[in-house]
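J.: One letter stands for each residue in the lines below.
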Amino acid sequence: MTQKILSVDDSKTVRRMLARVFQPYDCTLCEAANGEEGLAVAAREKPDLIVLDYNMPVMDGITMLRKLREDAALRNTPVIMLTAETSATNMAVAARLGARDYITKPFQEDRLVAKASRVIPLLPRLDTQKQP
Amino acid sequence: MTILRTDYFRVVLPNYSAGVIPCYKKSRQFNPIAVNSNQNQSSVTLNQLPKTAEILAQIGEELAFVSPDQDSGLLPINRFIMDLEELAGSTAPAPWAAALSMARRWLDGILDGTGKFSAESIAHLNTWHGHVSAVLDSLDGSTPLPEWPAAWDPALKPKHNAAPSAPAPAPAPKAAPAAPAAPAADEPSMRLNLAEDQELLREFHGESVELLQSIEQGLLVLESNPSDADTINSIFRAFHTFKGGAGFLHLDALRDLAHDLESLLEAVRRSELRINSEIIDLILAGSDALKLFTQEIGSQLQGKNAGAPIQIPILQIIRRVKSTLRGEPAPAPAPAPAASAPPLPAAAPAIVPTAAPVPVSPQATTPPAPKPAAPPVAAPESASAAPAPVSKTPPPPPPLPAQGAQSEAGATLANSFVKLDTAKLDSLVDLVGELVIAQSMVVQNPDVQSIQSLPLARCLRQLSRITTELQRNAMSLRMVPIRAVFHKMNRLVRDLAAQQQKQVQLLLDGEDTELDRNIVEKLGDPLIHMIRNAVDHGLESSATRIAQGKPAQGTIRLSASHQRGGIVIRIQDDGKGLDRARIRAKAVERGLVSPDAELSESEIFGLIFLPGFSTAEKVTDLSGRGVGMDVVRRNIENLRGKIEIQSVLGQGTTFTILLPLTLAIIDGLLVGVGTDRYIIPTLSIRESFRPQPGMVKTVHEHGEVVNVRGRQTPLLRLGRHLGRPSKAVNPEDGIIVVVESGDAARGLLVDELIGKQEVVIKSLGQTFQHQNLLAGSAVLGDGWVGLILDVDTLVKMPHPLRSGPGIAA
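Protein sequence lines, in the order shown, are assigned to chains Z and X. The working numbering runs 87 ahead of the 1-based position in the first sequence. The working numbering runs 52 ahead of the 1-based position in the second sequence.
Note that these hints are calculated values from the structure, not bench results. What you were told as hints is all true, and nothing was included just to trick you.
The following label-pair restraints were derived from C-beta to C-beta distances:
| id | chain 1 | residue 1 | chain 2 | residue 2 | range |
| --- | --- | --- | --- | --- | --- |
| 1 | X | A207 | Z | A175 | 24 to 30 Å |
| 2 | X | P206 | Z | A175 | 28 to 34 Å |
| 3 | Z | V145 | X | T143 | 38 to 44 Å |
| 4 | Z | A175 | X | E268 | 55 to 61 Å |
| 5 | Z | R162 | X | A536 | 38 to 44 Å |
| 6 | Z | A175 | X | V261 | 50 to 56 Å |
| 7 | X | P206 | Z | V145 | 47 to 53 Å |
Using 20 Å as the maximum straight-line C-alpha spacing, the simulated EDC-like pairs for lysine to aspartate or glutamate come out as follows:
| id | chain 1 | residue 1 | chain 2 | residue 2 |
| --- | --- | --- | --- | --- |
| 8 | Z | K192 | X | D123 |
| 9 | X | K814 | X | D719 |
| 10 | Z | K154 | X | D135 |
| 11 | X | K103 | Z | D135 |
| 12 | Z | K154 | X | E138 |
| 13 | X | K808 | X | E739 |
Beta carbons are placed, not taken as given, at the ideal position from N, Cα and C, and that holds for glycine.
Chain X on its own, in the form it takes in the complex (with noise of 0.2 Å):
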């Protein structure tokens, strides 16, 4: 149980507008609170908070599902609040009363009068639970109280008898209830959740600062090539991916922005427009307002006007984009109906107009805590911009004391880490790599080998103790647990699941696995896509689960493990699993596959991975419009990963990745054909061995194959196959190593098996970019230079023998 006094109540901000509704939280942190004993005023309770919070999130979930004209969620929410009502009893604290009372009011409209939900009603509940939630954060001291919302009856308003200190309401916040009825009103606005999400946001804003790049770049070449698919292509993924991060972290009007560029990229994609100076025009205005977003989120970020509502003019450019999709002629960029609407593009640097936070009076917000540091930083900020006359803004909160220690926070614990480029991480790595083989090299060294000498012999194992130390160190620099990631998705889920009103619970396990941090950064995308695919169009609607004799819940397994070598990640769900005919069909209606190719399972499975393949019928939010699979291959492969699929028609899909330890290492195997040395990735080998007599056999117009455990496999002489001499004429003489990509296999004869390596890969430069059968070369133990076979472009060579599933798989 936790007291609060009421002391904590006399940070009472007049002229707090609630703007955006918070997302519903389930997790609450509590923070302890501090009472000071000496006080003896008259205490006001809140019992059980952590009760409380449930019971709340619980509503949240409620609401989430109800819908007007109908009664479903009504009795759950009732008595939710009823619970509430007991809990708080007649101790609680006025604001949060009066909450309670306004809400048995709506609830009582309800249910005397119609016992359905309406609009408006549903409406009213979300504001409230958006209200409440604020009412509850405030209650440890940390945010203020949010104020009573204008369209409440100004009745029930909460007396703030017990904060003398707050002073009566001074003159600003009379002006403010007549600012949100100027035109700017009407635009959007979001506010960001510093306190939950900025771990999220940092990533987002990082991320959204390349994709503006990225889109700028691309616009210039459009400019001068206006039908460059690839380009075309690039502005639209861009646009999706910004779409997609923006919803995820519930920054609507943000989102809503990039949803409409990418409808027009996509009818762009798709030849239903062509590329002109005015849409070229609206795609850079559009991208001037995420950008204003972007540079407003990472101000924000830095503690300057934190936690005020950002509102950007974007009405307009949705409103032009509807209208070039429909086909009218685009409204002038600026039919401006008040001088006081923004002009576009050009008025771009002067409208932040958030930024300009309306004056407070300084005693409004005496911090409950001695944490001076914030209001007088703040002060002079708005004094300095008092004058401005921003009347088309709402006045946005004033700085949050308990914000300022926030990042005051921060930026201590910010003091005890350096943040690094990662550019200069990877070559440390590299440089390590390339000291380890140099000093294996003086080691081996004949001359050296050849000096009797004991202090040098010391010496030479001090050096090789301290680089492998080094190289460990190094190493683990880079090796982080994939937790962050996969908790991510919780709320992804969380999120999804009530956005399709399904049943969803997340499994996760081996969340301590470690790997290479460059893996994990991008593995978030790639992930966030197919667990999107699994809630979106794995997992049944719970009425559907029930009637196949499912539980209710569907369940999603993220796991991570290591495994041959690598990790690997698994994405399993229990849903309807991959309709094999309904894929084909589509491929073959998509013109990906001709109608009477003879497809194995997994070349089936495979089509999803094309771009431009979706099965889903409608375009959600998230996920459905055709980008997405490809995407993910593309990402996981660039890891040097792959993406396996299986699934069970109506008992689930599972995705296995596997993925390397790290990107700088790989792990080997030697072999030696001729005088030429080549590596092969160990997570590709299947086997390998010394074939017998009869063991390879030609196959008439087929080739040679090799028999391997009863399967009869490809056999690929890679000498010959590269042009290059070799020892082994028979295949006796030789080694036969069996790599396998997907569920296909091939046989490569080599001459001999050198040994187990681990290498530094090393880029293999231009020259040799034309070709695709090496994925690069490393330096050897001995100093010379091995090449590093890429399997799956070896395993998908043409050859004469098709590598069904009764032959190869």
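Next comes chain Z alone, as it looks inside the complex (with noise of 0.2 Å):
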């Protein structure tokens, strides 16, 4: 089934760069360049899967984090955090708000696809995919 992944960072290269990465699977990006944006992007298209980056203008990644395990309906999508720099805090912080991995800036695009493809099935976008 076709996976729907969020990717909420207030840098378009990034949002990019995540749509580049996930190409190859089944699945389908939706953005957002704030917490704010995120939460209502959220609500709406009912990811599979969040990518949320820590620091944003108007509402920072933790903030949102927070407000989704406070959501009942999005309590249980599973979250990826992007963080800047590997800081022990910031992760203790997103672990204890419930994300289900985080990855630091700059990251190597298996690692992604390899941490979301624990989360998540990425399977081959079939248009793509040889046939034996």
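Assembling the complex is the task here: the two chains are given apart, and the hints tell you how they should meet.
T.: Take a look at the structure:
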């Protein structure tokens, strides 16, 4: 089944990069530029996975994560946090808020896919799949 | 949702030592729990048991990937434990809640500290996972509640206030903590997973007994002839097989011992070590230890001390092997540091100490359901064993009531089946085959046919009907679906994937395909080998796969189907494929082919089946020692099957195994040459035709070739080849049967085609053993004897013409 991934990041470059990373897989992407927007899109799109940036204007990732956990409909949506640098504190905060995983920027594309594929089934896109 | 009552926690076993961590379980069986509605004690609930088990399995998977000084997996595990906490709510049973709070404490410790795993925290979490898995198992009352591990904070230990019938720990448990401190506690201990692996353990036990016999026999040969390469190989293989089975069943101590003994023999095989009496003693001591394990497994399978940890002194043997391998003088056989350390071979019979259960107060084992059979049986046993001072073993848990019930159920189940020696079954099928032939001989007998009698005709028809029915029945006795073998692979793939940190999915297809049970039994090992190879060497790591634009998860497709009058089994992976250049280089390096040999693609792939060939750089626990593919091919050929490889570099490899439906009967084409009758197995026939003039040409210095659909195929005049007279002088007078083996083919010139026939294979006996063109013989419908041709040998016969791909493929 086609998976829906929401990327929430204020950097357009990062969002575009995520789109490219997940392009080979059977999934659709939607985007939001900050936490507030992210919550709205999440409520509307019901994504299977949210890739969430830590630092963003208007509403940061941690606040959005907290609000997600308070929302009965969205509280179980898995979230992978994107953080700018490794910080045990950041990670601990995200962990306590139920983040499913985290990855530091700049990230290796295959590591992100590996982590995501442990959360949602990532199958190759059907049109590019080679028939044996 | 399942309601559990406090009742079920009364089975508190004060002395349950959490020895071996149960392996991660993916699928759990949930027995419906009988709830006595009359009881109105306060109930504790654990919501959504299946969901809980699923999360637990996911934690297990994540744990398999964590490593010290890394944080990978920390957040996932944390989140899963949060999910468990949420699921448990406030009404969870005390042991469950306590275990969760223990995990929470460790995780908080990591999160507030370095944010990375340490060796210690990984060990904690692994023990924890084993513990909560056991707790979860105990919640349906089928297994006892595991003891709170001694290393854990006793303050968090759940109080069994809900289980008043559990007595306070008797003096026995007090003595217990001291016991593991005794020397033997260093010895690894194993616990059998009787509930899940019973079938596998049974097979393993049977196989081990055979292997041990062959090891012992081999050792006898080696004593008189220390350099006998065949015997060294066979002992090596036996240990290798032993290791594989033990590893598969997570019997780690066994596996380690077998691994070391295997290494020892590997050194002998490579002539790095020479067999002397010391080495023979060492191998003997090792196989004695393996034998003790095997015996203990056997008796546990019969319900004796079921579930007790098995502990056999092996460390010393392993140490001796290791020092021998390092070329140091082997330490004295028994450098016993203390009197209590068991001397090795001599004391062997005395050291199955685990067989003696430590006395446990019988009240402690009050079974939840009235199943009185088990405890009374166990009680006298433990009573009699009580005086024995077995201080060197950790106390095994008392006999588990549920397992007693299980083996009882097993007994009634067994009553509706007859366990039969397969040799008897084979001879029955064989005899029925003969009967069918005898029957047709009677019916076709000219004298009988001349009798004009209606009653006789009726009787003969009756006879035909019954024999046909009988034959069908006899055959079906041996036909079993391949499912069991296929399903074993699920677990193998899961374990291997976890070990190798790869993502692998196994797709099964055609599990209902039936074939001869003799074949099914012998198919297990080759399949295990090939699946291992596929995971170990075939599939790339997730990162590499993604880099190559493949899905992170590798796929292995295992399928079975009826095809070409037999069974076709395919093992297909989407991994890196076989690297022809690398295989070739390796084969040249190993001296298996000469550097300037011209090899076709399939000939290069065929090299991996040669003994001693292995492209794996590292020796893993499970594969990569260069035994494997040669054994696979031998096994398949012994089943009269064949194996083919297709591979595209970067896209994957497909192994195709072609097998006959049964071993006893062969579907053959009956051909005549002169007065002789030959049977060619239908499986290897591509086509047959009467050649037109001009189709057969003699190529200078290359003999006769026949043009088959534009391909020049070497022609073999069967009569001339076998030194027997034939009628067809010109090819146009006879028939050409094109047979194939691998991608090589030959045209066989015969006089006539007589017909297709199923025949019962008979061995040719000693007289014909020196020749290999004939695979056997069969009694034909008219009473004549037909000889079955061994097509593989015929096709591979040296022929002036090379069967390169351009000419004969």
